[in-house]
Amino acid sequence: MSVLADLDAHILDLAWAGVLYWLVLGFSAPLLQRWRGVLVHLVFPLSALGALFIAAVGVAGLALPPSAMVLPIGLPDLPFHLRLDALSAFFLALLGSAAFGITVYAAGYFRSMQAGPLALVGLWYHLFLAGMATVMLADDAYAFMVAWEVMALSSYFLVTTDHDVPEIRRAGFLYLLIAHVGAVSLLLTFGVLQGGHGAYTFDYMRHSEITPFWASAAYLLALFGFGAKAGLVPLHVWLPEAHPAAPSPVSALMSGVMLKTAVYGLLRVTFDLLDLRIGWWGTLTLALGLVTALYGVIFAAVQSDMKRLLAWSSIENIGILIAAFGLTLIFYTEGKGALAALSLTAMLYHAINHAFFKSLLFIGTGSVLHATGERRMGRLGGLIRFMPWTAWLTLIGALAIAGLPPLNGFVSEWLLLQAFLLTPGLTQPYLNMVIPVAAASVALAAALAAYVMVKYFGVIFLGRPRDPALEHAHEANWPERLGMLWLAAGCVALGLFPAQVIARIAPVVRHLTGQALANDGNWLLLAPLAAERASYAPLIFLAVILVVLLFTFIWVRRVYHGRVRHADPWDCGYPEQNPRTQDSAEGFGQPIRHIFVSFMRVERETPDPFDRHPHYRGDSRDKLWLLLYKPIADLVGWLSAQAGRLQHGRIQWYLTYSFVTLIVLLVFVSR
Amino acid sequence: MALNYHLQIVNLLAALLLLISFAMLSQRRVASLVTLFAWQGAALALSTAIVAWSTGQHHLYYSAALTLGLKVIAMPWYFYRLIRKLNVNRVVEPMINIPTTMLIGIVLVIFAFNLALPISQMSGTVMRSTLGIALACVLLAFLMMITRTKAIPQVIGFLAMENGLFFAATSATYGMPLVVELGVALDVLVGVFVLGIFIFQIRETFDSLDLKHMEKLKEK
Numbered sequence: 000m001s002v003l004a005d006l007d008a009h010i011l012d013l014a015w016a017g018v019l020y021w022l023v024l025g026f027s028a029p030l031l032q033r034w035r036g037v038l039v040h041l042v043f044p045l046s047a048l049g050a051l052f053i054a055a056v057g058v059a060g061l062a063l064p065p066s067a068m069v070l071p072i073g074l075p076d077l078p079f080h081l082r083l084d085a086l087s088a089f090f091l092a093l094l095g096s097a098a099f100g101i102t103v104y105a106a107g108y109f110r111s112m113q114a115g116p117l118a119l120v121g122l123w124y125h126l127f128l129a130g131m132a133t134v135m136l137a138d139d140a141y142a143f144m145v146a147w148e149v150m151a152l153s154s155y156f157l158v159t160t161d162h163d164v165p166e167i168r169r170a171g172f173l174y175l176l177i178a179h180v181g182a183v184s185l186l187l188t189f190g191v192l193q194g195g196h197g198a199y200t201f202d203y204m205r206h207s208e209i210t211p212f213w214a215s216a217a218y219l220l221a222l223f224g225f226g227a228k229a230g231l232v233p234l235h236v237w238l239p240e241a242h243p244a245a246p247s248p249v250s251a252l253m254s255g256v257m258l259k260t261a262v263y264g265l266l267r268v269t270f271d272l273l274d275l276r277i278g279w280w281g282t283l284t285l286a287l288g289l290v291t292a293l294y295g296v297i298f299a300a301v302q303s304d305m306k307r308l309l310a311w312s313s314i315e316n317i318g319i320l321i322a323a324f325g326l327t328l329i330f331y332t333e334g335k336g337a338l339a340a341l342s343l344t345a346m347l348y349h350a351i352n353h354a355f356f357k358s359l360l361f362i363g364t365g366s367v368l369h370a371t372g373e374r375r376m377g378r379l380g381g382l383i384r385f386m387p388w389t390a391w392l393t394l395i396g397a398l399a400i401a402g403l404p405p406l407n408g409f410v411s412e413w414l415l416l417q418a419f420l421l422t423p424g425l426t427q428p429y430l431n432m433v434i435p436v437a438a439a440s441v442a443l444a445a446a447l448a449a450y451v452m453v454k455y456f457g458v459i460f461l462g463r464p465r466d467p468a469l470e471h472a473h474e475a476n477w478p479e480r481l482g483m484l485w486l487a488a489g490c491v492a493l494g495l496f497p498a499q500v501i502a503r504i505a506p507v508v509r510h511l512t513g514q515a516l517a518n519d520g521n522w523l524l525l526a527p528l529a530a531e532r533a534s535y536a537p538l539i540f541l542a543v544i545l546v547v548l549l550f551t552f553i554w555v556r557r558v559y560h561g562r563v564r565h566a567d568p569w570d571c572g573y574p575e576q577n578p579r580t581q582d583s584a585e586g587f588g589q590p591i592r593h594i595f596v597s598f599m600r601v602e603r604e605t606p607d608p609f610d611r612h613p614h615y616r617g618d619s620r621d622k623l624w625l626l627l628y629k630p631i632a633d634l635v636g637w638l639s640a641q642a643g644r645l646q647h648g649r650i651q652w653y654l655t656y657s658f659v660t661l662i663v664l665l666v667f668v669s670r
Numbered sequence: 000m001a002l003n004y005h006l007q008i009v010n011l012l013a014a015l016l017l018l019i020s021f022a023m024l025s026q027r028r029v030a031s032l033v034t035l036f037a038w039q040g041a042a043l044a045l046s047t048a049i050v051a052w053s054t055g056q057h058h059l060y061y062s063a064a065l066t067l068g069l070k071v072i073a074m075p076w077y078f079y080r081l082i083r084k085l086n087v088n089r090v091v092e093p094m095i096n097i098p099t100t101m102l103i104g105i106v107l108v109i110f111a112f113n114l115a116l117p118i119s120q121m122s123g124t125v126m127r128s129t130l131g132i133a134l135a136c137v138l139l140a141f142l143m144m145i146t147r148t149k150a151i152p153q154v155i156g157f158l159a160m161e162n163g164l165f166f167a168a169t170s171a172t173y174g175m176p177l178v179v180e181l182g183v184a185l186d187v188l189v190g191v192f193v194l195g196i197f198i199f200q201i202r203e204t205f206d207s208l209d210l211k212h213m214e215k216l217k218e219k
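Protein chains in written order, with numbering that gives the first Met the number 0: chain A, 0 to 670; chain B, 0 to 219.
Same shape as in the complex, but just chain B:
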């Protein structure tokens, strides 16, 4: 086959990414969720670096470094600290039970692959076949946000969605221009800090991180 070995590694990493997405969907413990998120970031950074090396797109190195720094080191560290401080590392049941969620997830993956098929045929990049996986990651992360009722898993779902989008961008067009990527990275960083502050405030106000309590804010 003309597929050289680094492309196969990228495909492997893409599969890993999808697998981690499913693992996150089924994970009940918040701390383990953060670990999985860090691993997902690592896989993403590695795959980006390999694409950069194999295609000679130098700006992708910076993206990979940014992902590594932010999503594998800085944010997980921040989340661990947050979990320790708030003491919220308990088993939390999601709204829909886990087997059902997984089934919905599989349907979403099939849908995403179906959707990506015509697009990847148009795309001219070496890793166009992974576009379906990237889309599936986005949808799965979204699903995770819907099924979780606590604040921290919601934030992680949001970040995982960003991972999926980043991967989609790399696989479809070799990533966005560096300026855009820097902007997005900064947004994500600021977003996480703001959400962290919110989480503290929610805890202050309701004595719990359960978002159910925010229903009280609804205008009667």
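Next up, chain A with everything else stripped away, as it sits in the complex:
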């Protein structure tokens, strides 16, 4: 018992030890370049153990009081402050548990890589993990920004692993650019939060008071900065570029975990560092989140590249998270603590769900990519026969993200919709009118997400192979399978035991909103507010589903197939089926494209009717790129060209510049 108490007191030391362990692994990777076997078979599995350790620390830390420490590193007089409270612990648990599966998978995925690039990937991968963990532990703006930058830069290098491809370099640059625009905004946020006193520890910010105007400024800057990292519309453009460019485990980490660091930061700043919260922030955030969710899911529906599709789906999920965050803010400022706790619980639950199912789907695409060398869905199909493990595990992820019970996606979306629907009269009448519309938008986004997943799974894994070469596709190797298995198991467990999970995250919710969900201590039934209003029992659901499935199976096998069937010679017009007669990725998304064509820039190449080998290509791109980013880029280019005129190339002119500067400064000084 005393050992346990001791562990409790040193929980932060343990967390920091986990981070250091990752750093040591990372820096050992370039040194182990000669021993490729060690790199493949030892470094990544060891790092996975570190992830499991971090997850355990996070889960343990959820129930513990906050602990803080000062590290002897950093600048003179500016040491790193670390702190582990329930919020940090929750996100550490998320990071560790998702990273465990992804890293186990990575041990298999990077097996075929050359030693040199592999050593570099090993370095950046672990720096990335350590950076994310430090972001969650940081307790002063300085440490936070350093960790934030480590995270951004290491992920940039991971995205550009295949840097000899020009598009990948371009995607990496876009990512780096937006990450830094966001980082500048965060720097300004902390500048506002410290209120002119020059103290940058979070502890000081917690206790300082700033005026509503400056609080709003800080909140908007934080929303912009963290929104750039999370992919909030219109700052989402890097996601569909960077995710396809990165190796699959990296995409999984970026989408599953790194986007959550932005959510963490937003929660930290809004509910912890700021001492007041204003109602319109919530309305604005809710609107932005909903726009992002719908925008993301619509674009996901029309994609034909599987990783790009998942990237857009990540944007959708971030939109849902941010909408839940906005709703929490609205309830909180309206003084409805129980509802704020409900929507915050939904948000946190969805964050961890998304970490699991999106990582699972991304690494699933990695296995498909390895087996077939193809990312375009138009060249895939029928893979469930050649890659059953990958297909079935991906199916679990796809069902989870589609929000089907009894998997985890349903729980969080159900909780969120409960938060919307249980809204009693808010004080502002227009909010009362808007909330049902918002609820409808969330429901629409969820339904479209299911549509997207049907397309994703159906086109890749079902039907017939669209390319004869696909028949030689090989199954994922064992570490890859284990990684996917862990994440799929997480999806199932989070779906089946929501009451236990919610009880675990209750300290976070209580810490931030002052209240938590009282779940009657019933482990079978999830009833967020009161059992007579709404409740959900996943295990019963599962039992019903299994029974129905069993009966259907028996009925189809015994009764339906038992009859004699006579087929017509013309076979309903399908005498000759070939892979081209299947619905394609573009075809599946076509209705959505038709409806929302005004948001898109569609490029299509339709084949000639007499073409023997017809080839169809359709590409739907984001119009915001042209409307928003292109003008800004042009303006910057123009300004640079104007500034470039100063460069004459004549030494005399350069000397004159310094001379004039000198004279002006002298005049200025002599005044």
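Take these hints with a grain of salt, some might be off.
Unchecked claim - Simulated DEER-style distance windows between Cβ atoms: (1) A:Val183 - B:His57: 25 to 33 Å; (2) A:Val663 - B:His57: 57 to 65 Å; (3) A:Val635 - B:Glu214: 44 to 52 Å; (4) B:Met121 - A:Leu30: 56 to 64 Å.
What the hints assert, rightly or not - Only part of the chain A face toward chain B is listed, based on derived beta-carbon distances under 10 Å: (5) His612; (6) His614; (7) Trp652; (8) Val668.
Unchecked claim - From chain A, some residues computed to sit far from chain B (all C-beta separations above 10 Å): (9) Gly336; (10) Gln514; (11) Gly648.
Treat the hints as calculated values from the structure; they're not laboratory data.
Quick caveat: nothing in here was measured; it's all calculated off a predicted structure.
Cβ atoms here follow ideal geometry from the backbone N, Cα and C, with glycine treated the same way.
Once you've looked at the hints, dock chain B against the given chain A.
Chain B alone, transformed into the frame defined by chain A:
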């Protein structure tokens, strides 16, 4: 007057320094420019030595010796050699014609004096009144660098600027600490050698010492 005779000599030398600066500004021939630069160095060394003697600041003797060795003997000798080797002792027209340059120079001197007035009132040294002259020398040397298009006058302008700074340091605070001065002297020496190598390279590449040709290096 309380002004003793060695202080008057320092003031005279300061005036000489300014005069030489103007002479350099108006000089068209490169070899004569080097001669003027040597004379300027000599005046500087002498004035530093006198200040050292009159105030008992012994480290200023070393500075004076350093100036004499480097700026009156070593560098002019190096430049003469360079000019002979490259055969560039021709009349070169500056970018702006000489009367205009002189007028600008006068404006700069007035500006420098105006600027130095409040500073010299704060300074407690015996030769604080010469601070304006020192500043004027710096600005005039800078002006010379701007108006010349050839490489060697540019280097000389750079060195003349250093002379002015040195004089400013002596007049305002009895010179910088010896370590700093040694460092600066070494920098100047190394700088001149590097620039000498550059001059050879420019000549190799463009067949001329006109810096106009370096415009080609500009990124389009």
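Going through the hints against the structure:
The hinted range of 25 to 33 Å is not satisfied by A:Val183 and B:His57, whose Cβ atoms lie roughly 54 Å apart. Distance hint for A:Val663 and B:His57: a CB-CB separation of about 39 Å, inconsistent with the stated range 57 to 65 Å. A beta carbon spacing of about 27 Å between A:Val635 and B:Glu214 contradicts the range 44 to 52 Å that was offered as a hint. Taking the beta carbon of each, B:Met121 and A:Leu30 are about 59 Å apart, inside 56 to 64 Å as hinted.
The restraint placing A:His612 at the interface with chain B is violated, with a minimum CB-CB distance near 45 Å, outside the 10 Å limit. The criterion of a C-beta within 10 Å of any C-beta in chain B is not met by A:His614, whose closest approach is roughly 41 Å, and the hint is violated. With 10 Å as the threshold, the beta carbon of A:Trp652 comes within range of chain B, its nearest partner Cβ sitting at about 9 Å, so the hint holds. Proximity of A:Val668 to chain B holds as hinted, the smallest CB-CB distance being about 8 Å (cut-off 10 Å).
With a least CB separation of 62 Å from chain B, A:Gly336 remains clear of the 10 Å interface cut-off, as annotated. Distance to chain B confirms A:Gln514 as a non-interface residue, since its nearest Cβ pair spans about 62 Å, more than 10 Å. Residue-level check failed: A:Gly648 sits 3 Å from the nearest beta carbon of chain B, not beyond 10 Å.
Hint compliance for this structure: hints 1, 2, 3, 5, 6 and 11 are broken, all remaining hints hold.
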